[in-house]
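Given chain A, put chains B, C and D in place with the hints provided.
4 protein chains.
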Amino acid sequence: MRSYPEDEVTLQPDDKPREACGVFGIFNHPEAARLTYYGLYALQHRGQESAGIACVTERGMVVHKDMGLVSEVFDHGALEQLTGTAALGHVRYSTTGSSVVANAQPLVIRYRRGAVALCHNGNLVNAGQIREELEENGSIFQTTLDTEVLAHLIARLGKNGLEEAVMRGMQVIQGGYAFGIMTENSLMGLRDSNGIRPLAIGRLGDAWVLSSESCAFDTIGAEMVREVNPGELVVIDANGLRAVQAVPAKRRALCVFEYIYFARPDSNLDGLNVHAVRKELGRQLAREAPVAADIVIGVPDSSISAATGFAEQARIPYEMGLIKNRYIGRTFIQPSQKVRQAGVRLKLNALRKVLQGKRVVLVDDSLVRGTTSGHIVKLLRDVGAREVHLRISSPPYRFACYYGIDTSTNGELIAARMSVAEICRQVGADSLAFLSAAGLLRATGRSEGQHCLACFSGEYVVDVHGNTGKFALEG
Amino acid sequence: MRSYPEDEVTLQPDDKPREACGVFGIFNHPEAARLTYYGLYALQHRGQESAGIACVTERGMVVHKDMGLVSEVFDHGALEQLTGTAALGHVRYSTTGSSVVANAQPLVIRYRRGAVALCHNGNLVNAGQIREELEENGSIFQTTLDTEVLAHLIARLGKNGLEEAVMRGMQVIQGGYAFGIMTENSLMGLRDSNGIRPLAIGRLGDAWVLSSESCAFDTIGAEMVREVNPGELVVIDANGLRAVQAVPAKRRALCVFEYIYFARPDSNLDGLNVHAVRKELGRQLAREAPVAADIVIGVPDSSISAATGFAEQARIPYEMGLIKNRYIGRTFIQPSQKVRQAGVRLKLNALRKVLQGKRVVLVDDSLVRGTTSGHIVKLLRDVGAREVHLRISSPPYRFACYYGIDTSTNGELIAARMSVAEICRQVGADSLAFLSAAGLLRATGRSEGQHCLACFSGEYVVDVHGNTGKFALEG
Amino acid sequence: MRSYPEDEVTLQPDDKPREACGVFGIFNHPEAARLTYYGLYALQHRGQESAGIACVTERGMVVHKDMGLVSEVFDHGALEQLTGTAALGHVRYSTTGSSVVANAQPLVIRYRRGAVALCHNGNLVNAGQIREELEENGSIFQTTLDTEVLAHLIARLGKNGLEEAVMRGMQVIQGGYAFGIMTENSLMGLRDSNGIRPLAIGRLGDAWVLSSESCAFDTIGAEMVREVNPGELVVIDANGLRAVQAVPAKRRALCVFEYIYFARPDSNLDGLNVHAVRKELGRQLAREAPVAADIVIGVPDSSISAATGFAEQARIPYEMGLIKNRYIGRTFIQPSQKVRQAGVRLKLNALRKVLQGKRVVLVDDSLVRGTTSGHIVKLLRDVGAREVHLRISSPPYRFACYYGIDTSTNGELIAARMSVAEICRQVGADSLAFLSAAGLLRATGRSEGQHCLACFSGEYVVDVHGNTGKFALEG
Amino acid sequence: MRSYPEDEVTLQPDDKPREACGVFGIFNHPEAARLTYYGLYALQHRGQESAGIACVTERGMVVHKDMGLVSEVFDHGALEQLTGTAALGHVRYSTTGSSVVANAQPLVIRYRRGAVALCHNGNLVNAGQIREELEENGSIFQTTLDTEVLAHLIARLGKNGLEEAVMRGMQVIQGGYAFGIMTENSLMGLRDSNGIRPLAIGRLGDAWVLSSESCAFDTIGAEMVREVNPGELVVIDANGLRAVQAVPAKRRALCVFEYIYFARPDSNLDGLNVHAVRKELGRQLAREAPVAADIVIGVPDSSISAATGFAEQARIPYEMGLIKNRYIGRTFIQPSQKVRQAGVRLKLNALRKVLQGKRVVLVDDSLVRGTTSGHIVKLLRDVGAREVHLRISSPPYRFACYYGIDTSTNGELIAARMSVAEICRQVGADSLAFLSAAGLLRATGRSEGQHCLACFSGEYVVDVHGNTGKFALEG
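Protein chains in written order, with my numbering: chain A, 17 to 491; chain B, 17 to 491; chain C, 17 to 491; chain D, 17 to 491.
In isolation and in its complexed conformation, chain A is listed as follows (with noise of 0.2 angstroms):
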């Protein structure tokens, strides 16, 4: 726990949606802690706050898990005392106020059948009211973590064996979710009955791999067997792998950003290539909202996807305008006031050989507080551009999310407070224009009830106050 003087700060973020974890795991591989390693380096732009492996060693289950990036987090002596053929792993942001080791995952609790690892991707609507059920009836907790209300119920429910327990909680928790847990002989992955949240099988060899994308599997050179089903539980154990349908799945709905920002351009979710999604996301754009322009640039790294989709589509010269440095670390020492022109071009800075004089379309995957983006054209204007065109190749977004993106609060969220001519004014474009949201499924192929697209359209596919009567503690 360090803290910092007031301009030492950690950089702010983008103005992006923030992912809340991936998670990794492994079963029946001689080098299993090592492959976690791996597979969460994939998955590092999934969350880069804490990092975590759990292994089952021959001194029981022990978890190596702290504050930072993996390669800060893991070096050669961690690595070589997480021995065994299985191993859980996690990487994670923190939500506003938890940034603290304890709530770094995998969480390890013994409870009356042995030692359990948990971690989570998503949020649980119901946590509130679960861990108050819990309380009342007894149950401490140790973080602020969902993964721990998960926990405390498979212990409650969990008279008849741990995969009747994570049934039974599989019934009690809603929201969109994925969870990787692996006991002392068997490694469980599951996702809500929505699919919201992304969590994939792979093969390696004999060894059977969960990861939430599938760049992971690449990474380690392991192949791709199928998604998780929503609803589904799949147990890995000395028998193979076996799947049930622990809640019945509702429908396969998809957390949209996954595609427009989230997950790596590399990996394959639902069997399209994320890349792919967002290059057809900006052709989409380019005639949904054309205009007359000379070059078009993408914000780096992740709208550059949907930058050339829409140069391709308009036949408008797609051009490298913005150059991101990418030593920038994430404890970074802020500009003064008297400094404070530094601060603009930092972190990205602009080519004026490429822009000046230019009409420019800016594209860029989503706009949530709208303060990246004004700085970003004024920074286009200071070189020279002559007219700035701002296409977002996603909807407008209106709605905070509950299953697991930590956004602003809707009153944080421009485009719930403002016309997209305000908007358009506010950050000082000369035109602007989202993707909307037919279009945006255009491009997935998907129909409206094929994806979750709550923070467009304020449709929540599942009840966010998640008030779903008492729950059975007796187990």
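If you are wondering where the hints come from, they were derived from the structure by calculation, not from laboratory data.
All values reported here derive from a predicted model rather than from experimental measurement.
Any given hint could be a false lead.
Said to hold, decoys possible - With a straight-line Cα cutoff of 20 angstroms, these simulated SDA-like cross-link-like pairs (lysine to any residue) come out: (1) B:K175 to A:N153; (2) C:K363 to A:G237; (3) B:K266 to B:D479; (4) A:K363 to C:P316.
For chains B, C and D alone, coordinates are given in the frame of chain A:
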């Protein structure tokens, strides 16, 4: 979590029993955390593997804890975060296999009535049984601490408020213990029904203080008020301090090793100054086991008091015969086989000019495995001591402690396996004598029932099987 | 100084030549150190092993430097110590065997006229000879830096003031170099007589700035004024800036690799934007070595500009075919033999959906040992690329650089040992072509004498033996 | 380089003069670095701000040094790099303003005949003058160490080999000094012509050892051979050890403070055991300044020897009246104004049960500024001491040292400004007496010329202006 190459091991501890912990709390002081920080400095000898402080800040209860010494765990930034007028702190030795940050204290939990911080010194003999029963009823454990057992009990039994919950918890747990407990608006101290582990109450202006030893009161300028009584629960809140006899006091049987070795010489326990008791132990030893000699020396630092007592009683000059290197850190690179001779005098050196040709009485306060004593006797002979008469200012340590002291198992206790004559031969002394149990009691001026002497007599004041029947979990 | 177990090695660098250093200085600004800190962030790509800033404070000249990235070396406390209105900073790659903190820069020395800080980018071909002569005359060396050679020369030749001393020093040293020098009341910049290594002058309000690249001016909001000319010494003090032609300019022969690979795309060097040049290199390559293909991809990040140029010229769609993992730290635990397959896609992954069944043009900016190229070609084939045509946007790298670039020795340069056809077989490509030297010059629009092309042509603009006869040490 | 917020300061040192350094070297031992590491542990009391070891490895001369204690600077990995059969090590206090890693020793330089490592304990009175002359002739300095002055002299004067160069250097430098010098094939030790700073020769099997104090010989199991003589240069190489009288010995005038305070009690210097001398100082003090009292106590740790001597001579019981907290780290967060009372007893606590109602003789070994003494006297009174008689086992410290001891300037020396009676009032004692200079000499059994007593008498054995005329730089 760092792993060391083979020969960069933690320096072998002295051949001494190890105290488990130190507890310090303060209520109603604007600089609560800072005073706790100083208090923990004063209690650092009771535990050097982890340190922590919890506070009730305007952000709720926060805790800062980590592996290491107080000076390593806390810096200016950490202390600044610990605001509020109440604080609870802890220093800790780890016991085998559990030297991990998750086991650092205070343990902070959330239960139905809010957040609670717990600190513990001692051992619960029925922890395993309680834990099993709790797990049977669905509790999950995240540490291997007895502290967590009490936390669960409080949560389970706490329907009518924390105070009653703690009292009911005290009726369940058995062993030698002292706990400090902090809620969002109170500070509590409690002690086992035999008063085996120490805990005292102090006063600093309008603030109340709890501490394992009185030296911490001196350190912050507080006055000692009294000890917490055996079986007593002391509750400090906005209304001041009130005390409840939570469980009947069986007797007042302080662990006698607090006087012999653990406590700081400047602490007073149950009305006796530790240094004065140690000196009297030395005097009594001189009466019981006199020997013709030229000088008396003590093993620094803990045996100096007893050695001077012996010297005064025996009218043999006390001398400084051994010098301790105070700079040897906890991670110390051991001499390799090739330079093994270097190891002997690294930590302790003998003064040839003082010892050469002399008949030496070597006073040590205890002898557990006998390894260090053998080294020191050899060291004295190497610099020319003519005779070495080893005198131990406590009885033979024959029985493992179950009330919070980390000793070897019975099998490793040399006095459990060998006669005094055999030990004498083993360590290479010219003569060897231990203080008698009767002499020990004479030195403290107490009767047999007024101390826990289990490690010498095998008469355990609390049943070590801890079989207490089912306790009422329904609260 | 930490030593690593065998498999926790620093990640293998890409198969790229390595720039030695970046230099940044500022004079007459109240936030000199902080702006230098931001300037070094902008130059971090030029050196990632050590960083340092020197300042003239009221306590005299102080320096803070250490191994690591700018973000690791400087924290709030360190910056606060660096007061004063002038600062000189440096980032550095180490060359083999000298990766020690003693070799971090700025080098601060005290000589008869006070303290001087020196920073260097480049290499002196006659450093060994000068050093020998200095040692013969009683000088002692504490580092293995060429920088220390100039420091000694200045001290020896400095009877009539520092400016004359530096000029006389420039008459002695030979090679490719740019130095920043700060005294207690001035800041100087100097560049070798062929202008091989870059150095530019900027202006920020009343302050003057020096930087290896113009991107650092953008970062702090400064204006580019001009390049330091070949052989020129620029002196900035309370009277402003004045320039002296310290040694005759031979030609203006910037290291062409600055354009090809080293410099940031958003920097302008000698009037040309780096990204624009790279794109033109790609265009020219497409003209010289066209190929029938379905897509063009570049190796991220440095070859993206050239790849888009190639694609535009060839009218083949540019695609994102490779994804780079941005989180791989400098100490990275390598895959063991058992999981070797994991290593291939850790740092770079290929997009199967983009590449499968395609005829691919793979553009890379340079090819030194050829190892990485082989891996990438295989990676593309593994995901189903039908054909892979490797195009290198620079000529074959055949001759070692002696002017500040750390390449392999000639023997390790694959193009020095093999024909293009042999390299093509070696890397497993379907075809391979390098840009011609003439094409390279056409892209920068310069004649043969206007670049240092030694690594391609073997025509060294400065005699690499550096045999310059005795120089006058008596000053 | 870390900067601390205002109240997290390095703990105020005791009111003691500070020794500058400790030197340890070994030649011809397969575990040279490891034994040097242990030797430095034994010398750690002579310097605690930086530590370093240089070795001649197959990669040439390497050095590992950093700020911090030996235990902090060296870990297993660092020691493993330090191979070879010769090593030279150093521990160091910084003097004001130069507490930077650049000033850590050994200083390793390269000159015309190869690499040389130098370590220094002491101070050169003509360093400034030599440095000026060297700079006038073109030398550059990278540290503020006197060590670097000798390094330059050696390089300048070394035409006929290092041994002659060192001898000629010794003819130039003046002051109180001991140097250890290691070349690629030899180890040298040298001592000033008055023998002010100590240096001894030891033997371990076939290896030769040099050490500032003999306690380091004990630590590694080596035998003391003899002291290096005043003005002597000892050269150890493959041919064994040979000694040269490099400059005429003026006298044998060891700094008497080595006995009074600096050296470890178990060291022998010039044939006398330090503890024995201190005890005799106490005895002599009791003879000179007797007082009717109940107990004698000493200030731990350094004054315990003298206190027991006083007690024995005066036939007053010696008691343990003060307890020192051994866990207070070097960075310690000071009590704020609000809790100032906490500070008094943090580092030292007084035993009320021992002191209450007693007439106390408080023995301290020296009194420099008097601040600490005042605090201790008050502390004793606070716990009820009836009378406090302060006895200092050395004469009044009136004159600044120029031979390697870091004291306050004359103005801060309380004895330079006040009479004994005034000091007594100032510190609040009932009586105060210092040992006489004659008594001091009686205790060591030496005549006036056989010690440096400058700090008591003002008679400086070496001219402190160090004006020695031009020395011949041309070598």
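Tested hints:
no.	hint	in the structure
1	B:K175 to A:N153	holds (9 angstroms)
2	C:K363 to A:G237	holds (13 angstroms)
3	B:K266 to B:D479	holds (13 angstroms)
4	A:K363 to C:P316	holds (18 angstroms)
Hint violations for this structure: none, all hints satisfied.
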